[in-house]
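Put together the whole structure using the sequences plus the hints.
Residue numbers (the working numbering): 6 to 369.
Don't read these hints as lab results, they were simulated from the structure. None of the values given here were measured: they were computed from a predicted structure. Even for Gly, the Cβ is constructed at its ideal location relative to N, Cα and C. Check each hint, because a few of them may be wrong.
Said to hold, decoys possible - The following label-pair restraints were derived from C-beta to C-beta distances:
#1 ARG134 with GLN112: 17 to 27 Å
#2 ASP262 with PHE109: 35 to 45 Å
#3 ARG153 with LEU201: 18 to 28 Å
#4 ASP262 with ASP34: 36 to 46 Å
#5 GLY160 with GLY84: 52 to 62 Å
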Amino acid sequence: MDVTPRGSAVDGAHAASISLDRIGKRYPDGTEAVGELTLDVAAGEMVVLIGPSGCGKSTVLRMVNRLVEPTGGRILLDGEDVTRVDPVQLRRRIGYVIQNVGLFPHQTISANVATVPQLLGWPRDRRRRRVTELLELVGLDPAQFGARYPHELSGGQRQRVGVARALAADPVVLLMDEPFSAVDPIVRTRLQEEFLRLQAEVRKTIVLVTHDLDEAVRLGDRIAVLSEGGRLEQFDTPAAVLGAPATPFVREFVGADRGIRRLAVTPVTRDTVEPVSAATTAASLPTVPLGASAYDALGVLLTSAADRVVVTDHNHPVGVLTRARLLDWATPATDGTAHRVAREESRSGDKRSSQQIHDGHRSR
6 MDVTPRGSAV
16 DGAHAASISL
26 DRIGKRYPDG
36 TEAVGELTLD
46 VAAGEMVVLI
56 GPSGCGKSTV
66 LRMVNRLVEP
76 TGGRILLDGE
86 DVTRVDPVQL
96 RRRIGYVIQN
106 VGLFPHQTIS
116 ANVATVPQLL
126 GWPRDRRRRR
136 VTELLELVGL
146 DPAQFGARYP
156 HELSGGQRQR
166 VGVARALAAD
176 PVVLLMDEPF
186 SAVDPIVRTR
196 LQEEFLRLQA
206 EVRKTIVLVT
216 HDLDEAVRLG
226 DRIAVLSEGG
236 RLEQFDTPAA
246 VLGAPATPFV
256 REFVGADRGI
266 RRLAVTPVTR
276 DTVEPVSAAT
286 TAASLPTVPL
296 GASAYDALGV
306 LLTSAADRVV
316 VTDHNHPVGV
326 LTRARLLDWA
336 TPATDGTAHR
346 VAREESRSGD
356 KRSSQQIHDG
366 HRSR
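Right under this line is the structure:
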């Protein structure tokens, strides 16, 4: 019997909103892992939980699918309190990816990916089609990799299989606990880029835990910075967290080089460039396309002798950015005042609407 859960491919649902309403976790010995945490995640949004070791970020993640039972508060999935439902049925609606992948070593890659559909009673032909679809989606040839075993794959390939398995039953939520930390930096960056492409296609609600600030900035639509006891210090876009830290804790956590990191999430738009003159157009100046990051623009300037870069739209000049302006953007805010680039970003639409998030649009 096919017992596909609500919110799966059968009814066409792609994502669900998550509301954490004053959830907490206190252990019998009195240790408080998470105090009263309130957090709302929009359907189709990718939210990254970050903070120092022991801040409770992984505990928060595991309370969402009730691998850890909360001792207080409510967890709402599309308005339904999941603390009152069967945890096994709940987990079949939620994909889960962990650091060391957790593939079954005695099963083939195809069998691993088909684990949840098989538990749900999907017919064999449907399982086979879904496995083929997902392996292709994560960049693995089903004919080449389907019959292999986990030990025959590289770390990056196993991580792709882990993501495919988590997506197999088309869950409405995907939870990821430091999914890319076990691979080398080059593979990690490539996996992150591939994952952004994948999210643009599948549009899941994703909550991801990481200790890597660069990863949080690269992947997150919004970042939740947690301190000890699961205290929420700031919940905002990457640009806002880097450009206007809400508390001294966040300011220290993101570091003195946050201005440079901020450039990576600051898009070059028509609102942020200066007018281009005929003389500038005629000069042999480096160029960057409209929509490139300010970090990319600065990189182009630092490798040239020019003091400005021409911004183009389909090879037509639309404005210029000077080296001084870019370096000014990279200067962190002081005395709790957001840098003026934050105001420019606001005008240029850096803060995306919930519909843009749902559609998988990303400005970086």
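Status of the hints after comparison with the structure:
1. ARG134 with GLN112: 17 to 27 Å: holds, 19 Å
2. ASP262 with PHE109: 35 to 45 Å: holds, 42 Å
3. ARG153 with LEU201: 18 to 28 Å: holds, 26 Å
4. ASP262 with ASP34: 36 to 46 Å: holds, 39 Å
5. GLY160 with GLY84: 52 to 62 Å: violated, 39 Å
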